[in-house]
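Required output: the full structure, derived from the provided sequences and hints.
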Amino acid sequence: MELTVQDVAAWIETSNEKIQANKEYLTTLDQAIGDGDHGINMARGFQEATKKIAEQTYTSSAAVLQDTAMTLMSKVGGASGPLFGTAFLKLSTALKGSEPVDYKTFAGGLEEAVNGIKQRGKATEGEKTLLDVWSQLAAYFNRETGFDGEKMAEEAKSAMEQTKEMTATKGRASYFKERSIGHIDPGSASSSYIFEALADVIKGGK
Amino acid sequence: MELTVQDVAAWIETSNEKIQANKEYLTTLDQAIGDGDHGINMARGFQEATKKIAEQTYTSSAAVLQDTAMTLMSKVGGASGPLFGTAFLKLSTALKGSEPVDYKTFAGGLEEAVNGIKQRGKATEGEKTLLDVWSQLAAYFNRETGFDGEKMAEEAKSAMEQTKEMTATKGRASYFKERSIGHIDPGSASSSYIFEALADVIKGGK
Amino acid sequence: MKKIINDPNEVVQEMTKGMAVAHSEQLHQLPGTTVIARNDAPNENKVGIVSGGGSGHEPAHAGYVGKGMLDAAVAGEVFTSPTPDQILEAIKAVDGGAGVFLIVKNYTGDVLNFEMAAELAEAEDIRVEKVVVNDDVAVDDVSSRRGIAGTILVHKIAGAKAEQGGSLEDVKSTAEKVIENVRSMGMALKPCTVPAAGVPSFELAENEMEIGIGIHGESGIERKDISTADDIAKELTDKILGDFDFSGSDTAVMVNGLGSTPDMELYIVSNKVQAILTDNGIYVDKTFVGEYMTSLEMAGCSVTLLKLDDELKQLLNEPSNAMAFQG
Amino acid sequence: MKKIINDPNEVVQEMTKGMAVAHSEQLHQLPGTTVIARNDAPNENKVGIVSGGGSGHEPAHAGYVGKGMLDAAVAGEVFTSPTPDQILEAIKAVDGGAGVFLIVKNYTGDVLNFEMAAELAEAEDIRVEKVVVNDDVAVDDVSSRRGIAGTILVHKIAGAKAEQGGSLEDVKSTAEKVIENVRSMGMALKPCTVPAAGVPSFELAENEMEIGIGIHGESGIERKDISTADDIAKELTDKILGDFDFSGSDTAVMVNGLGSTPDMELYIVSNKVQAILTDNGIYVDKTFVGEYMTSLEMAGCSVTLLKLDDELKQLLNEPSNAMAFQG
Ligand SMILES: Nc1ncnc2c1ncn2[C@@H]1O[C@H](COP(=O)(O)OP(=O)(O)O)[C@@H](O)[C@H]1O
Ligand SMILES: Nc1ncnc2c1ncn2[C@@H]1O[C@H](COP(=O)(O)OP(=O)(O)O)[C@@H](O)[C@H]1O
Ligand SMILES: [Mg+2]
Ligand SMILES: [Mg+2]
Ligand SMILES: [Mg+2]
Ligand SMILES: [Mg+2]
Numbered sequence: 001m002e003l004t005v006q007d008v009a010a011w012i013e014t015s016n017e018k019i020q021a022n023k024e025y026l027t028t029l030d031q032a033i034g035d036g037d038h039g040i041n042m043a044r045g046f047q048e049a050t051k052k053i054a055e056q057t058y059t060s061s062a063a064v065l066q067d068t069a070m071t072l073m074s075k076v077g078g079a080s081g082p083l084f085g086t087a088f089l090k091l092s093t094a095l096k097g098s099e100p101v102d103y104k105t106f107a108g109g110l111e112e113a114v115n116g117i118k119q120r121g122k123a124t125e126g127e128k129t130l131l132d133v134w135s136q137l138a139a140y141f142n143r144e145t146g147f148d149g150e151k152m153a154e155e156a157k158s159a160m161e162q163t164k165e166m167t168a169t170k171g172r173a174s175y176f177k178e179r180s181i182g183h184i185d186p187g188s189a190s191s192s193y194i195f196e197a198l199a200d201v202i203k204g205g206k
Numbered sequence: 001m002e003l004t005v006q007d008v009a010a011w012i013e014t015s016n017e018k019i020q021a022n023k024e025y026l027t028t029l030d031q032a033i034g035d036g037d038h039g040i041n042m043a044r045g046f047q048e049a050t051k052k053i054a055e056q057t058y059t060s061s062a063a064v065l066q067d068t069a070m071t072l073m074s075k076v077g078g079a080s081g082p083l084f085g086t087a088f089l090k091l092s093t094a095l096k097g098s099e100p101v102d103y104k105t106f107a108g109g110l111e112e113a114v115n116g117i118k119q120r121g122k123a124t125e126g127e128k129t130l131l132d133v134w135s136q137l138a139a140y141f142n143r144e145t146g147f148d149g150e151k152m153a154e155e156a157k158s159a160m161e162q163t164k165e166m167t168a169t170k171g172r173a174s175y176f177k178e179r180s181i182g183h184i185d186p187g188s189a190s191s192s193y194i195f196e197a198l199a200d201v202i203k204g205g206k
Numbered sequence: 001m002k003k004i005i006n007d008p009n010e011v012v013q014e015m016t017k018g019m020a021v022a023h024s025e026q027l028h029q030l031p032g033t034t035v036i037a038r039n040d041a042p043n044e045n046k047v048g049i050v051s052g053g054g055s056g057h058e059p060a061h062a063g064y065v066g067k068g069m070l071d072a073a074v075a076g077e078v079f080t081s082p083t084p085d086q087i088l089e090a091i092k093a094v095d096g097g098a099g100v101f102l103i104v105k106n107y108t109g110d111v112l113n114f115e116m117a118a119e120l121a122e123a124e125d126i127r128v129e130k131v132v133v134n135d136d137v138a139v140d141d142v143s144s145r146r147g148i149a150g151t152i153l154v155h156k157i158a159g160a161k162a163e164q165g166g167s168l169e170d171v172k173s174t175a176e177k178v179i180e181n182v183r184s185m186g187m188a189l190k191p192c193t194v195p196a197a198g199v200p201s202f203e204l205a206e207n208e209m210e211i212g213i214g215i216h217g218e219s220g221i222e223r224k225d226i227s228t229a230d231d232i233a234k235e236l237t238d239k240i241l242g243d244f245d246f247s248g249s250d251t252a253v254m255v256n257g258l259g260s261t262p263d264m265e266l267y268i269v270s271n272k273v274q275a276i277l278t279d280n281g282i283y284v285d286k287t288f289v290g291e292y293m294t295s296l297e298m299a300g301c302s303v304t305l306l307k308l309d310d311e312l313k314q315l316l317n318e319p320s321n322a323m324a325f326q327g
Numbered sequence: 001m002k003k004i005i006n007d008p009n010e011v012v013q014e015m016t017k018g019m020a021v022a023h024s025e026q027l028h029q030l031p032g033t034t035v036i037a038r039n040d041a042p043n044e045n046k047v048g049i050v051s052g053g054g055s056g057h058e059p060a061h062a063g064y065v066g067k068g069m070l071d072a073a074v075a076g077e078v079f080t081s082p083t084p085d086q087i088l089e090a091i092k093a094v095d096g097g098a099g100v101f102l103i104v105k106n107y108t109g110d111v112l113n114f115e116m117a118a119e120l121a122e123a124e125d126i127r128v129e130k131v132v133v134n135d136d137v138a139v140d141d142v143s144s145r146r147g148i149a150g151t152i153l154v155h156k157i158a159g160a161k162a163e164q165g166g167s168l169e170d171v172k173s174t175a176e177k178v179i180e181n182v183r184s185m186g187m188a189l190k191p192c193t194v195p196a197a198g199v200p201s202f203e204l205a206e207n208e209m210e211i212g213i214g215i216h217g218e219s220g221i222e223r224k225d226i227s228t229a230d231d232i233a234k235e236l237t238d239k240i241l242g243d244f245d246f247s248g249s250d251t252a253v254m255v256n257g258l259g260s261t262p263d264m265e266l267y268i269v270s271n272k273v274q275a276i277l278t279d280n281g282i283y284v285d286k287t288f289v290g291e292y293m294t295s296l297e298m299a300g301c302s303v304t305l306l307k308l309d310d311e312l313k314q315l316l317n318e319p320s321n322a323m324a325f326q327g
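Chains as they are written, first to last, in this note's numbering: chain A, 1 to 206; chain B, 1 to 206; chain C, 1 to 327; chain D, 1 to 327.
Read the hints as simulated data drawn from the structure, not as lab findings. The beta-carbon is built from N, C-alpha and C at its ideal position, and this holds for glycine as well. Wrong hints could be hidden among the right ones.
[To be verified] Under 10 angstroms between C-beta atoms, here's a sample of chain D residues computed to sit facing chain A:
| hint | residue |
| --- | --- |
| 1 | G76 |
| 2 | V78 |
| 3 | A93 |
| 4 | T108 |
| 5 | E115 |
| 6 | M116 |
| 7 | V142 |
| 8 | S167 |
| 9 | L168 |
| 10 | V199 |
| 11 | E218 |
| 12 | G220 |
| 13 | Q314 |
| 14 | E318 |
| 15 | P319 |
| 16 | N321 |
[Claimed, not checked] Taking lysine-lysine and the BS3-like style, the derived pairs with C-alpha atoms no more than 27 angstroms apart in a straight line are:
| hint | chain 1 | residue 1 | chain 2 | residue 2 |
| --- | --- | --- | --- | --- |
| 17 | D | K172 | C | K286 |
| 18 | D | K177 | D | K313 |
| 19 | B | K18 | B | K203 |
| 20 | D | K286 | C | K67 |
| 21 | C | K239 | B | K177 |
| 22 | D | K17 | C | K239 |
| 23 | A | K177 | D | K234 |
[To be verified] Non-contacting residues of chain C with respect to chain B, defined by C-beta distances greater than 10 angstroms in every case (computed):
| hint | residue |
| --- | --- |
| 24 | D7 |
| 25 | G76 |
| 26 | V78 |
| 27 | T80 |
| 28 | D141 |
| 29 | S173 |
| 30 | D250 |
| 31 | D309 |
| 32 | Q314 |
Right under this line is the structure:
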């Protein structure tokens, strides 16, 4: 299968649904090892992104993702705003000109997104940040050859779960040092919802 | 009987004991219809007055009461400081030259104290203030002809109890208007302890 | 009781000492007292301005000691009026020959102690005049009205008048004009705890607020469910406007925090107050938002409105170098 | 949640609007943003100074907008860094041709968003430089140290330098000198509640305090039983003195309240801090006591120490008309 403009728009919409539904849970995660606003930030940003996309008719996936990126950048704030903004912007750029989006192009776009996050956040894998989910998903996409909703959702969940045992060395959670162990990283949780949303779209064959 | 210098010093000391023992109760009364500092204020003032008196040897009751007055004036603060200070100062002035103090002189001194309180506080009887206790005691002394600890203590207690049914129209309790009904006036309670202390001294024949 | 203190009975001494040390370039403490005075006091031929009252209302009153405002502030125990001997020391320290002016808040304790101090000063041949501030419209009976945040505007304007060389009578009549034209109204969400008492001075349920409360927790007009900032602003402002006719006037507005209310909330209230005043044809010349007259860590706010004429406007805008007053 | 607000999601908009209306003689809000700017901005050939960050730290940052300090402040959502587009608006509004200087607190969110804004501004041919303040010695790793109350001293000194006509490079190197020489350490007794969250951001038992906590409730060094003000002052000051050698130096001291700690308690702490510094042969040139960098209604305080040379001393003493800074 390939991703159509409608699929990509549905992805953002479904991400928003999941984030709204888990807004309080995300905030609780951020209260444990951060400042308790992650759910609020993400819910605000994805709400606006969904609204923006619903108001427009798009002819390219890249355009959907670019509007998503710009909205997240200007509405989320905090550490996660520029990082998610960068991730979607890099993905958008990589997808430009491919319509519908084939698997390989998307996998390459994810790699670009990961590089963008790394550069912006000066983080590497294992520092207990949203990068850990994006990076593991990019690697998974690189290993595989076609979209598989089931496996992708599993991969996202497991990547998120794995942050639980890590010691945070970036972002607010790093102030907790070893005490950050045992808590899921909030940004990884919301990243996992984003990939689960994509999995839903793929499974639904939308 | 007549009051000696030792009796008068014992009066202040016993007043202090009673006030210290009831410090929290007085504060509770003031929390209900005031600002919750009456016990603290009185305890601070009488502690200092007792200390001052203990440090000195006195040859006149008037001198004991004058030092009491000045100490209360400079250590109690709030509304009650100047009022108790004035009461003891007027009493002291009236007792000057009478040693030991006979009943009539003391009764006259109480009347002066009442006038002093009225003038300073611009209050009259029935406004639910410490004046109500001092005024009722002065009237009682005027009716009777000799010191009687038993009856005097009863009179003080009943005067204090009567403030419970009054509506406050002076001091902080007046902000509560009718809601001040049902609460004993804190300044009346501490005044009652002062007269009970005098009753103890008289009963003890000290 | 969660407080950063040492001995609950020494809080006032340690606070005044802390102030004097922190701001020694400008202020000092009179030895053996809790009086904070300007380093340049007494100023020859300038009327000395003294205020004070119970502690726990910081920055009132020592925060307003400085050029253009008070010459000295007398700090009593927490929520307890200072004693006449302390007030007398302040009066003596700031008398530069032109007399001393006392700004007293209308509480029995403050009035009695300042009155006695004035008598003692007069006995020492110092000319003393005073005003009693009663801006709190929560109390119906005008003679019983409490002095609350409006007091700070009296400090400012009387201080400026004295600094300009006004006589004792001038300062008094200007201060009286401020008092005639100033009204305040407050409310609280959470009580405070007097250190020596150790327990909150009153209780408010999780969903309750008290309208018209005094700055020591004295009873207000009504206890009811918490409403929005806009409703609260409206309730406080309406009560003030119902008491005094400000329509068509130039005014100064103060939105004052009682201790633990964030500036954020005060500005949200101020936002609505300004809108209400505009709707009522009242012009706002100057706005003060912040903690000016607190009640320890009480949560809540008060709104103050002062009608300005040209003299008051000019005096309000004079510079002041008091620590806690934004010129 | 006991707060005087309307809609928890509108607190920042209503606050900034309230500020602009209250202080319209001096400040205004950039339309469609939560940026507060000086009315006289941009000043031709003066370096524009911009700071900002999450809201909830009032008076930081908008309270420091004024002559001699900031040209504009950008308010993010509560405890959430502002976004690049808003910061860009501030930069554009204050650029008078001499470039714009950004003062950023060291939080990932603030750094990332200000960095992106700087890139956007450079794309529009505006010269931008920035510093990242990391004064909080509670964090061992220097690169992760948070920016807390010391930031205000950076605002003051960089602002004065720009006002004197310093170039973008001058302002930057002076600000860097402040950052090299400033250290802070805080503690909390009670948490605060973010309006949109509705519940306290952390819990502290009735008898507990947290040493080294951040201004958003980020974890500190140690949670333990509440001790006396003197012990707390000593713990905070010792940690600072252990991190940087202030001996023999002239310094500025700031004792900052986190939101609901009465001035009384801050002065009691200040009193002890001064004594400790004197014992250590450290000379205090200037002391600030009050709420400068808060954390909504958190209870607690921080101590900041800045080593002064002649330049810093002179710049610190320059006048400022910012609402929340006592010149
Ligand atoms: N340097 C970084 N690189 C990558 N991700 C980061 C970095 N710092 C923080 N994050 C992510 O951001 C999340 C926190 O986002 P959020 O709570 O919205 O912002 P803030 O920390 O500013 O309050 C963390 O859970 C983490 O996944
Ligand atoms: N005008 C007055 N005349 C006489 N007594 C008064 C007057 N005002 C107050 N009091 C007395 O003072 C008492 C309160 O004293 P206290 O609590 O020490 O002072 P404050 O009210 O200043 O806190 C009241 O209970 C009342 O008896
Ligand atoms: Mg967060
Ligand atoms: Mg009382
Ligand atoms: Mg009192
Ligand atoms: Mg945040």
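Hints, one by one, checked against the model:
1. G76: Result: holds, 5 angstroms to nearest chain A Cβ.
2. V78: Cβ of D:V78 sits 7 angstroms from chain A, so the hint holds.
3. A93: violated (17 angstroms)
4. T108: Because about 4 angstroms separates D:T108 from the closest Cβ in chain A, which is inside the 10 angstroms limit, the hint holds.
5. E115: Holds. Min distance 8 angstroms.
6. M116: holds (5 angstroms)
7. V142: violated (13 angstroms)
8. S167: violated (29 angstroms)
9. L168: It is violated, given that the least Cβ distance between D:L168 and chain A is near 24 angstroms, above 10 angstroms.
10. V199: Hint on D:V199: holds, closest Cβ of chain A at ~8 angstroms, below 10 angstroms.
11. E218: holds (5 angstroms)
12. G220: Check passed: Cβ of D:G220 comes within 8 angstroms of chain A, closer than 10 angstroms.
13. Q314: Because about 36 angstroms separates D:Q314 from the closest Cβ in chain A, which is outside the 10 angstroms limit, the hint is violated.
14. E318: Constraint on D:E318 not satisfied, violated at 33 angstroms.
15. P319: violated (34 angstroms)
16. N321: Nearest chain A Cβ about 30 angstroms off; hint violated.
17. D:K172 - C:K286: Not satisfied, since the Cα-Cα distance of roughly 35 angstroms exceeds 27 angstroms.
18. D:K177 - D:K313: holds (12 angstroms)
19. B:K18 - B:K203: holds (16 angstroms)
20. D:K286 - C:K67: Status holds; Cα separation ~18 angstroms.
21. C:K239 - B:K177: The given pair, whose Cα atoms are some 19 angstroms apart, holds under the 27 angstroms limit.
22. D:K17 - C:K239: holds (24 angstroms)
23. A:K177 - D:K234: Given pair A:K177, D:K234 holds - Cα atoms ~25 angstroms apart, limit 27 angstroms.
24. D7: holds (13 angstroms)
25. G76: violated (5 angstroms)
26. V78: The claim is violated: C:V78 sits with its nearest Cβ about 7 angstroms from chain B, within 10 angstroms.
27. T80: Label violated. Min Cβ-Cβ 4 angstroms, cutoff 10 angstroms.
28. D141: About 8 angstroms separates C:D141 from the closest Cβ of chain B, which leaves it inside 10 angstroms; violated.
29. S173: holds (24 angstroms)
30. D250: holds (32 angstroms)
31. D309: holds (32 angstroms)
32. Q314: holds (36 angstroms)
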